[in-house]
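Going down the list, the sequences are from chains A and B. Numbers 1 to 212, taken from my numbering, label the letters of the first sequence in order. Numbers 213 to 524, taken from my numbering, label the letters of the second sequence in order.
The hints are simulated quantities; they were obtained by calculation from the structure and are not laboratory data. In this text, a Cβ means the ideal position worked out from N, Cα and C, and glycines have one as well. Don't take every hint at face value.
Some, not all, of what chain A presents toward chain B, calculated at C-beta under 7 Å [stated by the list, open to error]:
id : residue
1  : V170
2  : I171
3  : V173
4  : P174
Below, simulated DSS-like cross-link-like pairs (lysine-lysine); rule was C-alpha separation at most 30 Å, straight line [said to hold, decoys possible]:
id : chain 1 : residue 1 : chain 2 : residue 2
5  : A       : K113      : A       : K167
6  : B       : K414      : B       : K487
7  : B       : K418      : A       : K208
8  : A       : K167      : B       : K414
9  : B       : K487      : B       : K390
10 : A       : K208      : B       : K484
11 : B       : K414      : A       : K208
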Amino acid sequence: MLRSFLAGNVGNAIALFARLVTAVRGIWQGVDPTRRQRIYFANHTSNGDFVLLWTVLPPALRRETRPVAAADYWLTSKLRSFIGRDVFRAVLIDRNPQTRTDDPVGQMVDALKDGSSLILFPEGQRNMDETVTLLPFKPGLFHVAERRPDVDLVPVWIENLNRVMPKGEVIPVPLICTVTFGDPIHVESGEAKAAFLTRAETALLALKEGAV
Amino acid sequence: MNAPAEFSTLMLGVLGVLAFATVVAQILRARLGDGPVIDNLVARINAWWGMVALLAIAMLGGRGGVVILFAIMSFAALREFLTLTAKSRADHWALVASFFVVLPVQYALIYSDWYGMYSIFIPVYAFLFLPIVSVLHGDTDSFLVRVAETQWGLMICVFAASHVPALLSLEIAGFEGKNVLLVAFLVVVVQLSDVLQYVWGKLLGKRKIAPSLSPSKTWEGFVGGTLSTSLVGAGLWWMTPFSPVQAFGLSLIITLMGFFGGLVMSAIKRDKGVKDWGHLIAGHGGFIDRLDSVVFSAPIFFHVVRYFWSAV
Numbered sequence: 001m002l003r004s005f006l007a008g009n010v011g012n013a014i015a016l017f018a019r020l021v022t023a024v025r026g027i028w029q030g031v032d033p034t035r036r037q038r039i040y041f042a043n044h045t046s047n048g049d050f051v052l053l054w055t056v057l058p059p060a061l062r063r064e065t066r067p068v069a070a071a072d073y074w075l076t077s078k079l080r081s082f083i084g085r086d087v088f089r090a091v092l093i094d095r096n097p098q099t100r101t102d103d104p105v106g107q108m109v110d111a112l113k114d115g116s117s118l119i120l121f122p123e124g125q126r127n128m129d130e131t132v133t134l135l136p137f138k139p140g141l142f143h144v145a146e147r148r149p150d151v152d153l154v155p156v157w158i159e160n161l162n163r164v165m166p167k168g169e170v171i172p173v174p175l176i177c178t179v180t181f182g183d184p185i186h187v188e189s190g191e192a193k194a195a196f197l198t199r200a201e202t203a204l205l206a207l208k209e210g211a212v
Numbered sequence: 213m214n215a216p217a218e219f220s221t222l223m224l225g226v227l228g229v230l231a232f233a234t235v236v237a238q239i240l241r242a243r244l245g246d247g248p249v250i251d252n253l254v255a256r257i258n259a260w261w262g263m264v265a266l267l268a269i270a271m272l273g274g275r276g277g278v279v280i281l282f283a284i285m286s287f288a289a290l291r292e293f294l295t296l297t298a299k300s301r302a303d304h305w306a307l308v309a310s311f312f313v314v315l316p317v318q319y320a321l322i323y324s325d326w327y328g329m330y331s332i333f334i335p336v337y338a339f340l341f342l343p344i345v346s347v348l349h350g351d352t353d354s355f356l357v358r359v360a361e362t363q364w365g366l367m368i369c370v371f372a373a374s375h376v377p378a379l380l381s382l383e384i385a386g387f388e389g390k391n392v393l394l395v396a397f398l399v400v401v402v403q404l405s406d407v408l409q410y411v412w413g414k415l416l417g418k419r420k421i422a423p424s425l426s427p428s429k430t431w432e433g434f435v436g437g438t439l440s441t442s443l444v445g446a447g448l449w450w451m452t453p454f455s456p457v458q459a460f461g462l463s464l465i466i467t468l469m470g471f472f473g474g475l476v477m478s479a480i481k482r483d484k485g486v487k488d489w490g491h492l493i494a495g496h497g498g499f500i501d502r503l504d505s506v507v508f509s510a511p512i513f514f515h516v517v518r519y520f521w522s523a524v
């Protein structure tokens, strides 16, 4: 009870802080911010990415949207674990196939079953190479989409956050960030994994052009 | 707060104009129905109410109020500017220093009235030290472009903008305690000039003055706006230490600098491929879209008044 109250306030405080630092603006280009079940899949350059995406969602949508995040990062300290589990209610995934007991696709499908929307970074890791716009997608997005073809897959381009807070820096530069939501895509019947992942990558990259 | 009596008179006038504009916009909306042009007009007028309220509160707050308001506007403008400039990871500390050291120090110097330092702090100290901070990281790609664009952002958004509150430190015989009126005079003339150039341009505008930079600017808008604004400026002589003729001349300088400032900032937007600097002020775009003419006129107005009228 106290924990969930605290978590709600910490969530709002984090969103306010993100707004103050980045003046972040959501551009709802392909979809409206409505309560449909969705998987938002976005580019990943900074640990703050999902915070920014979450911040531009209306509060009603925030409560039912859960980021998919790496357990090895979010369970390393008590504070991170509180923020990851209680504030953002992250679906925590073990990225190491040798040690994991849960199947990540199964975890995501379970979360969708509860009615939640998801925030997913299909690159699987932060993209640290400034000369590469997007790393090749991991197949997880395809497998989840195949099992839940009714859920909208919304590409989301997050612009500039890697400049606000480059890896290893502590103090953010308050530059303006944008979060652009594109047209939803779905797996077509009989569509091959590689073809779908390429289509998803293209849909995400297409959003970069208009994002300033 | 003891704002000079002239301030209340001016505010009454400004509120009257805004109320008139609001009524006209509503009549237009009733006659012509909703549309993007009317919506933009209403959004602009509503934003004006907000901006006038903020300015009035700041001016009633005296020196601290004006300094804090312009420090916040500088912050918002610098953020818009540096979002578009060239930078690399090597510049992180130079950028952090621009926002969290250079900007606050400049306004603290303005607040403490240290003319000898606030006039050179950014052109000398920031100019020399920020490239040193960047160069220590060893990244030489586009180095000159990166340091030059950061310095330009600081000069425009912080140094030039801070000359508006710097007007409060001038000492003009017979005008003691009324310096806030100089700020009001500058802001009213600059903003009125933007509005009147727009109106004259819409009514009579035919010949484009700079088609590659700003297609909406015309010779008719420029001449009509500049002259009519300067006449209104002359009519505001009673709130200044100037004679009507002097007020006319200073208004002309302000509007000309503002006009060309708008052109320069448009050229930068074109260069960077954006239409507006930002999205924070509904109908107007970003802070720099509203401030571009103020930042170009403020330092010149400051130095002309300082040279000819001020004791310090």
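Structure-based check of each hint:
no.	hint	verdict
1	V170	violated, 9 Å
2	I171	holds, 5 Å
3	V173	holds, 4 Å
4	P174	holds, 5 Å
5	K113(A) to K167(A)	violated, 35 Å
6	K414(B) to K487(B)	holds, 20 Å
7	K418(B) to K208(A)	violated, 38 Å
8	K167(A) to K414(B)	violated, 50 Å
9	K487(B) to K390(B)	violated, 39 Å
10	K208(A) to K484(B)	holds, 15 Å
11	K414(B) to K208(A)	violated, 36 Å
Hints 1, 5, 7, 8, 9 and 11, counting from the list given before, are not met by this structure.
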